[in-house]
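S.K.: Residues per chain are reported as follows:
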Amino acid sequence: MTSISSGPARGVAVALARVDGRHLLKSPLFLAGLGVAMLGTAVFVLGALTDDATTWSNDAWTIGAGFILAAVFAMLAVNRTSLRDHREHTDEQHGSLPTNQTQRLAGMFGAVLWPATVSTLLLGVVVVFASTQVDVPAITIVNVLHNAALFLMLGAVGLALAAWVPSSFAAPVVAFALYFIHPGETPAAWHVIWPFATLGTVGLAMWHILYLLGLALLLLATAATRWERGRGQAIVFLGSAATVATSLTVLINGACSQAGPCLL
Amino acid sequence: MTTAAGLRYTAMTIPWHPMVIATVVGAAVLASGHARLVVIPTTLLAAAAGFAFDDPSQEIVAASPSSLLHRRLGRLIVVIPPTIILWTTLVSQGVSGIDEAFTLAAMFIGMVGVTFGIAGVAAHRTGGRGGAVAAPVLLLALIISALFPPRWRPLPLGDVPGGWPALQARWSAAALIGALVLLVSSRDPARRRL
Chain A
234 MTSISSGPAR GVAVALARVD GRHLLKSPLF LAGLGVAMLG TAVFVLGALT
284 DDATTWSNDA WTIGAGFILA AVFAMLAVNR TSLRDHREHT DEQHGSLPTN
334 QTQRLAGMFG AVLWPATVST LLLGVVVVFA STQVDVPAIT IVNVLHNAAL
384 FLMLGAVGLA LAAWVPSSFA APVVAFALYF IHPGETPAAW HVIWPFATLG
434 TVGLAMWHIL YLLGLALLLL ATAATRWERG RGQAIVFLGS AATVATSLTV
484 LINGACSQAG PCLL
Chain B
12 MTTAAGLRYT AMTIPWHPMV IATVVGAAVL ASGHARLVVI PTTLLAAAAG
62 FAFDDPSQEI VAASPSSLLH RRLGRLIVVI PPTIILWTTL VSQGVSGIDE
112 AFTLAAMFIG MVGVTFGIAG VAAHRTGGRG GAVAAPVLLL ALIISALFPP
162 RWRPLPLGDV PGGWPALQAR WSAAALIGAL VLLVSSRDPA RRRL
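Chains A and B supply the protein sequences, listed in that same order.
Reading the first sequence from the start, the letters are residues 234 to 497 in this note's numbering.
Reading the second sequence from the start, the letters are residues 12 to 205 in this note's numbering.
It is possible that some hints are incorrect.
[Claimed, not checked] Have a look at the derived ranges for each label pair, beta carbon to beta carbon: (1) A:Met439 - B:Ala39: 29 to 39 Å; (2) A:Leu272 - B:Ala42: 29 to 39 Å; (3) A:Asp284 - B:Met23: 54 to 64 Å; (4) B:Gly173 - A:Gly417: 21 to 31 Å.
To be clear, the hints were calculated from the coordinates, so they are not data collected in a lab.
Values in this document were obtained by computation on a predicted structure and should not be read as measured data.
Think of the CB as a built atom: it goes at the ideal place given N, C-alpha and C, for glycine as much as any other residue.
I would like the entire structure built from these sequences, with the hints used as guidance.
M.R.: Here's what the structure looks like:
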C-alpha cells in the first residue's frame with residue numbers, strides 16, 4: 234500500500250493523483266479501451282501495408298474511433314475508481330481524514346492525466362508510424378491534442394457522475410449513449426457540441442480543444458458543489474462556463490458559415 | 012420458509028436502481044421520436060439485468076445448504092419477469108412488423124443471455140458484484156463484434172446478409188452460449204471434485 238503524506242492541499246492532490254493514476258493505468262477497463270484503440274490501429278496498418286490505395290483521409294477513421302472508444306473506457310475506469318469509497322462503504326472513514334472531498338476530487342482529476350498522457354503518446358507514435366506509410370495532413374497533430382482533451386473531458390464526466398449519481402450503472406449508461414447516439418450524417422453547425430466532432434481547420438480544432446477543456450472544468454466545478462460551495466468553485470464554474478460559451482459561439486459561427494461548406 | 016417468502020427475501024437483496032435508470036433513459040430516448048434507437052432501451056435493460064447476481068450477503072449465504080445454481084435460479088425468477096415486462100412496454104412503441112418484433116426479441120434475449128454469462132463469471136472475481144462489470148464487457152463485446160465484416164458479425168446490431176432470420180439465429184446462439192457460460196460459472200464452489 235502506498236502511503237499519502239499529509240501536507241498542503243496541493244501536495245495531497247498531487248500524491249492522490251500519483252496513486253490513483255497508477256491504478257487507472259492498470260485498470261482492466263482502461264486496458265480494454267487501449268485494446269480497442271490498438272484494434273482500430275491494426276485495421277488501418279494492415280490496410281496501409283497491403284493496399285496501395287489506402288489514404289489517411291479515407292481510412293484512418295478506424296484509428297480515431299479506436300482512441301475515442303479508449304477515452305470512453307477511461308471514463309468508465311475513472312468512474313469505477315471514484316466510486317471505490319461508495320462501493321466499499323468507506324465514505325465516512327475517509328471523510329474523517331484531514332483532506333476534504335474537493336482535494337480528493339482534484340487528485341482524481343490529476344490521475345486522469347496519466348491515461349490521457351499514455352493514450353496521447355501512443356496515438357502520437359501511431360501517427361508518426363502512419364506518416365511513413367501514407368501522407369498525413371498537418372492538422373493531425375492538433376487531432377492528437379484533441380484526443381488528450383477528450384480524455385480529460387470524459388474523465389471529468391466520470392467524476393461528475395460519481396459525485397452526483399453514485400451508481401455503478403450510471404457511467405455505463407453514458408458509455409452506451411456515446412456509442413449508440415450520433416448527431417447524424419448530414420453536417421450541421423450544432424454538431425460542434427458533440428465531443429467527438431473533428432473540425433477541418435487548425436483554428437477551429439484548437440477552439441474545440443478549448444471547448445472540451447472548458448467543459449471538463451465546468452463538470453469538475455459541478456462535481457465539487459456536491460460537497461462544498463465556496464468562492465473558488467464559483468470562480469471556476471463561471472470561468473469555465475464563459476470558456477464553453479465563447480468557444481461554442483466561435484465554433485457554431487465558423488464551422489458552417491454561409492460562405493463555404495461545413496468544416497465538420 | 013415458503014417459496015414465496017424466499018423469493019421476497021431474494022428480491023430485497025437485488026439492486027433495482029439499474030433497472031429504474033435503464034427504463035427512464037430508454038423511455039426518454041424513445042420519446043425523442045427516433046424509432047431506430049430502439050436498440051438503446053434493449054441494451055440498457057439487458058445490461059441492468061446483469062445486476063441480478065449482485066448480492067451483499069453472498070459470503071454469508073454461500074455457507075447455507077443450497078447450491079449456488081439454486082440461489083441464482085431464484086434471483087433469475089425474480090429479475091426476469093419485470094425485465095421482460097419493462098422491455099415489452101418500452102419497445103412495443105417503436106416496432107413495425109412481426110419480423111422486426113421477433114428479431115428485437117431475439118436480440119434482447121441474446122443480450123440478456125450474454126450479460127448473465129458475464130455477470131455469472133464476474134461475480135466470482137468481484138465478491139458477488141459482477142453487475143458493474145457486465146455492462147462494460149457487453150459494450151466491449153458489441154464493439155469487437157462491429158469490427159467483423161457483417162457476414163461474420165457475432166452480435167449484429169444492423170443488417171447482415173440473410174436478413175431477419177440470420178439476425179435471429181445469431182442472437183439466439185449468443186443467448187445459448189451466455190446461458191451455458193452462466194451454468195458453468197454457477198457450479199457450486201464446494202462441489203465434489205472428480
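S.K.: Kindly confirm whether 29 to 39 Å is satisfied by the beta carbon distance between Met439 (chain A) and Ala39 (chain B).
M.R.: The hinted range 29 to 39 Å holds for Met439 (chain A) and Ala39 (chain B), with Cβ atoms some 34 Å apart.
S.K.: Given a hint of 54 to 64 Å, does the C-beta separation of Asp284 (chain A) and Met23 (chain B) actually sit inside it?
M.R.: Distance hint for Asp284 (chain A), Met23 (chain B) holds at roughly 59 Å.
S.K.: Against the range 21 to 31 Å, how does the distance between the Cβ atoms of Gly173 (chain B) and Gly417 (chain A) compare: consistent or not?
M.R.: About 28 Å separates the Cβ atoms of Gly173 (chain B) and Gly417 (chain A), which means 21 to 31 Å holds.
S.K.: Quick check on a hinted range of 29 to 39 Å for Leu272 (chain A) and Ala42 (chain B), using CB atoms only.
M.R.: 35 Å, holds
In terms of the numbered hints stated before, the structure departs from none.
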